[in-house]
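A.B. asks: What follows is the residue order along each chain.
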Amino acid sequence: MTARTLFDKIWDAHVVDRMGDGTCVLYIDRHLVHEVTSPQAFEGLRLAGRKVRRTDATIAVADHNVPTEDRSHGIAEPESRLQVETLVRNVADFGVPYIPVTDARQGIVHIIGPEQGLSLPGMTIVCGDSHTSTHGAMGALAFGIGTSEVEHVLATQTLLQKPAKNMLVRVDGALPPGCTAKDIILAIIGRIGTAGGTGHVIEYAGEAIRALDMAGRMTVCNMSIEAGARAGLIAPDETTFSYIAGRPYAPKGEAFDEAVAYWRTLPTDDGAHYDKTVVLNAADIVPQVSWGTSPEAVVPITGAVPDPAAEPDEARRAQLQRMLDYMGLAAGQALAGLKVDVVFIGSCTNARIEDLRAAAAVAAGKHVAQNVRALVVPGSGLVKAQAEKEGLDKIFRDAGFEWREAGCSMCLGMNPDKLTPGQRCASTSNRNFEGRQGPGGRTHLLSPAMAAAAAVTGALVDVRELA
Amino acid sequence: MDKFSLLTATAAPLNLANVDTDKIIPARFLKTIKRTGLGKDLFWSLRYNEDGSEKPDFVLNQPKYRGAQILIAGENFGCGSSREHAPWALLDFGICCIIAPSFADIFHGNCFKNGILPIALPAEICAELMNDAALGPNARLTIDLENQVVIRPDGTRITFEVDAFRKHCLLNGLDDIGLTLAHAPAIDAYEARQPAWQPAITGV
Chain G
1 MTARTLFDKI WDAHVVDRMG DGTCVLYIDR HLVHEVTSPQ AFEGLRLAGR
51 KVRRTDATIA VADHNVPTED RSHGIAEPES RLQVETLVRN VADFGVPYIP
101 VTDARQGIVH IIGPEQGLSL PGMTIVCGDS HTSTHGAMGA LAFGIGTSEV
151 EHVLATQTLL QKPAKNMLVR VDGALPPGCT AKDIILAIIG RIGTAGGTGH
201 VIEYAGEAIR ALDMAGRMTV CNMSIEAGAR AGLIAPDETT FSYIAGRPYA
251 PKGEAFDEAV AYWRTLPTDD GAHYDKTVVL NAADIVPQVS WGTSPEAVVP
301 ITGAVPDPAA EPDEARRAQL QRMLDYMGLA AGQALAGLKV DVVFIGSCTN
351 ARIEDLRAAA AVAAGKHVAQ NVRALVVPGS GLVKAQAEKE GLDKIFRDAG
401 FEWREAGCSM CLGMNPDKLT PGQRCASTSN RNFEGRQGPG GRTHLLSPAM
451 AAAAAVTGAL VDVRELA
Chain F
1 MDKFSLLTAT AAPLNLANVD TDKIIPARFL KTIKRTGLGK DLFWSLRYNE
51 DGSEKPDFVL NQPKYRGAQI LIAGENFGCG SSREHAPWAL LDFGICCIIA
101 PSFADIFHGN CFKNGILPIA LPAEICAELM NDAALGPNAR LTIDLENQVV
151 IRPDGTRITF EVDAFRKHCL LNGLDDIGLT LAHAPAIDAY EARQPAWQPA
201 ITGV
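Residue numbers (this note's numbering), protein chains in the order written: chain G, 1 to 467; chain F, 1 to 204.
To be clear, the hints were calculated from the coordinates, so they are not data collected in a lab.
Given the structure is predicted, the values throughout are model-derived calculations rather than measurements.
Even for Gly, the Cβ is constructed at its ideal location relative to N, Cα and C.
Hints may contain errors.
[Claimed, not checked] Restricting the straight-line Cα-Cα distance to at most 25 Å, the calculated cross-link-like pairs of lysine-lysine (BS3-like) are:
1. 167(F) / 162(G)
2. 418(G) / 3(F)
3. 165(G) / 167(F)
4. 418(G) / 40(F)
5. 40(F) / 3(F)
6. 3(F) / 162(G)
7. 51(G) / 34(F)
[To be verified] Covered by chain F, according to a simulated footprint, are these stretches of chain G (three or more residues, beta-carbon under 8 Å):
8. 150-159
9. 408-414
10. 419-433
Using the sequences and the hints given, assemble the complete structure.
C.D. replies: See below:
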């Protein structure tokens, strides 16, 4: 039998039918639904008189629109309220399991999937959200889909797809102190570019990836889409299995043993073919910060903003200049020392308990700089509760951070947490596009530790220099 | 979904690379529960000033391009968020064909689900089409999906690749769900052999 990659194995195990031209009917094991990309899908089902094929493989939660302040009085903004109310009505009409906004388990869909044991190795997982790639950290094939495909999965539990190509990103060696999973993925995107993974599924491997805990692996897989890949994958191992054991929806007892036995067959076979391979040395990685309005516009914190004059290609030169103008930066300017107005610690990239611990370790005993607004937004109600049990909320509050309720918050400018025009933000989120965090807002992507360091110093700073 | 067959229309040049779906339609406009009406918010930050007035220089605000149905754009068009609101907004404005050197995967797939034809052509050919488009309505392009050719104003024919299955769906305006439901017996059989350890989501 030919040697297969992790992706090949999961794909093959989910092909229901194959058409003459290679298009496959691919079975979907888990479908995560949220309020923004589902209303038109449910409406489509209604108009066609269709049902949800497998309500027991589907789960819904509201996260993008929800305010992250006290929610006991509901959502004030009428359009956001209507969208969440529409989800509540749809899940009731179609019998889809739903975690209410007031439930302790509510949170960002990509945080709660793994947290609840809903996302498991070897599964196919989809959601109407590009950061579904996060769940690939479990060793699952997980990717974002549009609303038409949301409707397709609701109606048929399948998708019509052709297999992606295989890409291997190997990170050899050990990560230096002060560097995190976020620095790994930003460095990868900086290397391969925002279209580097287009048409591919990226498998992350190598010693530095193996050494990451599950939270770190989720951060890496989360931003696969920022490298153009629909999905990122990490082979399941003992770290994965011990993370899953005992989670609410994970298999129990004999079923768990049976599952683990299967999961052990998933890692890529020796000699399997990758269409593309990229190798990085972890030892070369330095804490990363984005400077522009594309996630590939990233440099080490010790570096400087590029000079468009040095770019020979005219279109690229114009693009660099446009980014500098939008970001309010000068060619060749150092990033360290750049003053920030807002610090955002949260999002499906970096709002797990491990991320909050890393930020709290930097913030402990210090205070948020004058004129800086700093927000900590846990990824779920359960992450929040755990952080409070560990006293992290007190560390953050004492240091002058806002301690908020779970949700997507300032990652995407869709709920009340937004930047105002011209504001500069050190953010642990995933996208620095123009206007992403609010019209005119300027985003610098970085790790939770680097974000906390920016909060307490009031400027972008190398966290390794902070005592 | 409307059928896509032969289109002769004005093409608007948007010479920007990495146009992300936040740029096509910012998140604050995603609160709608409908598919329609998003055309007015298309390319909001490129198209409008903060006070809501139009930026006269932006290509789609120029009188000659207001009726454009084809967009010529830079590489990696549609990167970022999976929001289908991006193709909905383009379609609502009137754009039903986009030509660029490359597209992001999710956006590319979403276009086909909505009757929009994304055509990937080499960068140097896109540059020529960008020049054609600069001539405005005097230089309309023809898109012949059946024969997979773009016909330039001077009559030059440029062939393009398109996935055979997606082409078939687009030409016939077919609903994917209807096609997939023809495989229902295979889906039933697949479900019957799913492993027992795979937990169902019940009692949430």
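A.B. asks: For every hint, state whether the structure bears it out.
C.D. replies: Evaluated hints:
Restraint check for residue 167(F) and residue 162(G): satisfied, since their Cα atoms lie roughly 14 Å apart, inside the 25 Å limit. The hinted pair formed by residue 418(G) and residue 3(F) fails the criterion: a straight-line CA distance of about 40 Å is larger than 25 Å. A distance of roughly 21 Å separates the Cα atoms of residue 165(G) and residue 167(F); the hinted pair therefore holds under the 25 Å criterion. Only pairs whose Cα atoms come within 25 Å are accepted, and residue 418(G) paired with residue 40(F) is accepted, the gap being roughly 22 Å.
With a C-alpha separation of about 24 Å, the suggested pair residue 40(F) and residue 3(F) falls inside the 25 Å cut-off, and the hint holds. A C-alpha spacing of about 23 Å is found between residue 3(F) and residue 162(G), which places the hinted pair at or below 25 Å, so the restraint holds. Taking the CA atoms of residue 51(G) and residue 34(F), the gap is near 20 Å; set against the 25 Å cutoff, the hint holds. Here the stretch 150-159 of chain G counts 6 residues with a CB under 8 Å from a CB of chain F, which clears the bar of 3, and the coverage holds.
Counting residues of the stretch 408-414 of chain G whose C-beta lies closer than 8 Å to any C-beta of chain F gives 3; at least three are required, and the coverage claim holds. Here's how the stretch 419-433 of chain G fares: 3 of its residues keep a CB closer than 8 Å to some CB of chain F, so the rule of at least three is met and the hint holds.
Violated hints amount to a single one, hint 2; each of the other numbered hints is respected by the structure.
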